[in-house]
Amino acid sequence: MLTIYLTRHGQTEWNVQKRMQGWGNGELTESGIADAKKLAVRLQDTHIDKMYASSSKRAYETAEIVRNGRDIPLIKDDLLREMCFGDWDGQYVDDIKSSCAEELRCFWETPHLFKREGNESFAELQERTKKALQMLVEQNTDGDTILLVTHSIFLRTATAIIKQLPVSDIFTQDPPGNTSLTKVVYDGDTFRIEYEGDMSHVHG
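Following the working numbering, the numbering of the sequence shown begins with 7 at its first residue and continues without gaps.
Worth flagging that the hints you see were computed from the coordinates, not collected in a lab. Be aware that a few hints might be false.
[What the hints assert, rightly or not] Below, a list of computed lysine-lysine pairs in the DSBU-like style, where the Cα atoms sit at most 30 Å apart:
#, residue 1, residue 2
1, Lys169, Lys82
2, Lys63, Lys137
3, Lys169, Lys63
4, Lys189, Lys136
5, Lys44, Lys121
6, Lys136, Lys82
7, Lys103, Lys121
8, Lys137, Lys56
9, Lys44, Lys56
10, Lys24, Lys82
11, Lys137, Lys169
12, Lys189, Lys56
13, Lys137, Lys121
14, Lys24, Lys63
15, Lys63, Lys103
16, Lys24, Lys189
17, Lys63, Lys43
18, Lys169, Lys44
19, Lys82, Lys103
20, Lys43, Lys189
21, Lys121, Lys63
22, Lys82, Lys43
23, Lys103, Lys24
24, Lys169, Lys56
25, Lys82, Lys121
26, Lys189, Lys82
27, Lys189, Lys63
28, Lys82, Lys56
29, Lys24, Lys169
30, Lys136, Lys169
31, Lys24, Lys44
32, Lys44, Lys82
33, Lys24, Lys136
34, Lys189, Lys44
35, Lys43, Lys56
36, Lys136, Lys56
37, Lys121, Lys24
38, Lys24, Lys43
39, Lys189, Lys137
40, Lys137, Lys82
All chains, please: the whole structure from these sequences, using the hints.
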């Protein structure tokens with residue numbers, strides 16, 4: 007079996023400020039760094055053959071903290087980036103609510119219908135996520151254990167694919183916390199989630 011650990015980057019300034027954060031980047035906060043260090047401690051005795059991170063700074067910096075000097079290859083890949091939000095990227099959510107209320111409602115409540123110039127659609131993100139999962143299968147072998155550091159909506163898209171949920175149900179899932187851990191196994195045919203969104207290393 008291929009074992010895949012999935013985690014979300016540590017908390018960023020944009021998370022705290024409630025700004026949309028897609029291909030743009032907010033810096034990790036002190037809390038974000040601390041939580042990543044806690045995840046490093048949690049995984050210190052777990053053998054990891056390879057790490058993958060989104061090419062966004064907040065993700066690969068989290069990956070470096072979690073790697074904690076271990077001799078583990080770390081691969082950055084654009085496929086693992088968060089959804090592209092176009093000109094919403096970096097904007098405060100309250101400002102978007104004021105200027106694009108109906109579009110924002112569609113984004114969260116009926117994602118399968120969401121279309122906006124400059125934004126990635128959820129169908130496009132789903133296809134990119136499928137390519138990412140296929141890449142992981144092709145680049146690793148039975149018995150390997152890998153760790154993937156990525157983003158909130160990307161993670162919910164990945165788990166929706168594994169659960170065979172339609173795009174319309176992506177946000178019926180709980181949002182993954184920063185540095186939360188999800189364990190997935192692949193048996194050569196099917197992905198299966200063993201646990202999802204675990205935050206015990208943060209909350210004790």
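A quick look at each hint next to the structure:
no.	hint	verdict
1	Lys169 / Lys82	26 Å, holds
2	Lys63 / Lys137	21 Å, holds
3	Lys169 / Lys63	29 Å, holds
4	Lys189 / Lys136	17 Å, holds
5	Lys44 / Lys121	38 Å, violated
6	Lys136 / Lys82	17 Å, holds
7	Lys103 / Lys121	16 Å, holds
8	Lys137 / Lys56	18 Å, holds
9	Lys44 / Lys56	19 Å, holds
10	Lys24 / Lys82	26 Å, holds
11	Lys137 / Lys169	17 Å, holds
12	Lys189 / Lys56	15 Å, holds
13	Lys137 / Lys121	21 Å, holds
14	Lys24 / Lys63	18 Å, holds
15	Lys63 / Lys103	27 Å, holds
16	Lys24 / Lys189	28 Å, holds
17	Lys63 / Lys43	17 Å, holds
18	Lys169 / Lys44	28 Å, holds
19	Lys82 / Lys103	33 Å, violated
20	Lys43 / Lys189	19 Å, holds
21	Lys121 / Lys63	27 Å, holds
22	Lys82 / Lys43	20 Å, holds
23	Lys103 / Lys24	12 Å, holds
24	Lys169 / Lys56	25 Å, holds
25	Lys82 / Lys121	28 Å, holds
26	Lys189 / Lys82	20 Å, holds
27	Lys189 / Lys63	23 Å, holds
28	Lys82 / Lys56	11 Å, holds
29	Lys24 / Lys169	29 Å, holds
30	Lys136 / Lys169	13 Å, holds
31	Lys24 / Lys44	24 Å, holds
32	Lys44 / Lys82	22 Å, holds
33	Lys24 / Lys136	28 Å, holds
34	Lys189 / Lys44	17 Å, holds
35	Lys43 / Lys56	18 Å, holds
36	Lys136 / Lys56	19 Å, holds
37	Lys121 / Lys24	22 Å, holds
38	Lys24 / Lys43	23 Å, holds
39	Lys189 / Lys137	19 Å, holds
40	Lys137 / Lys82	15 Å, holds
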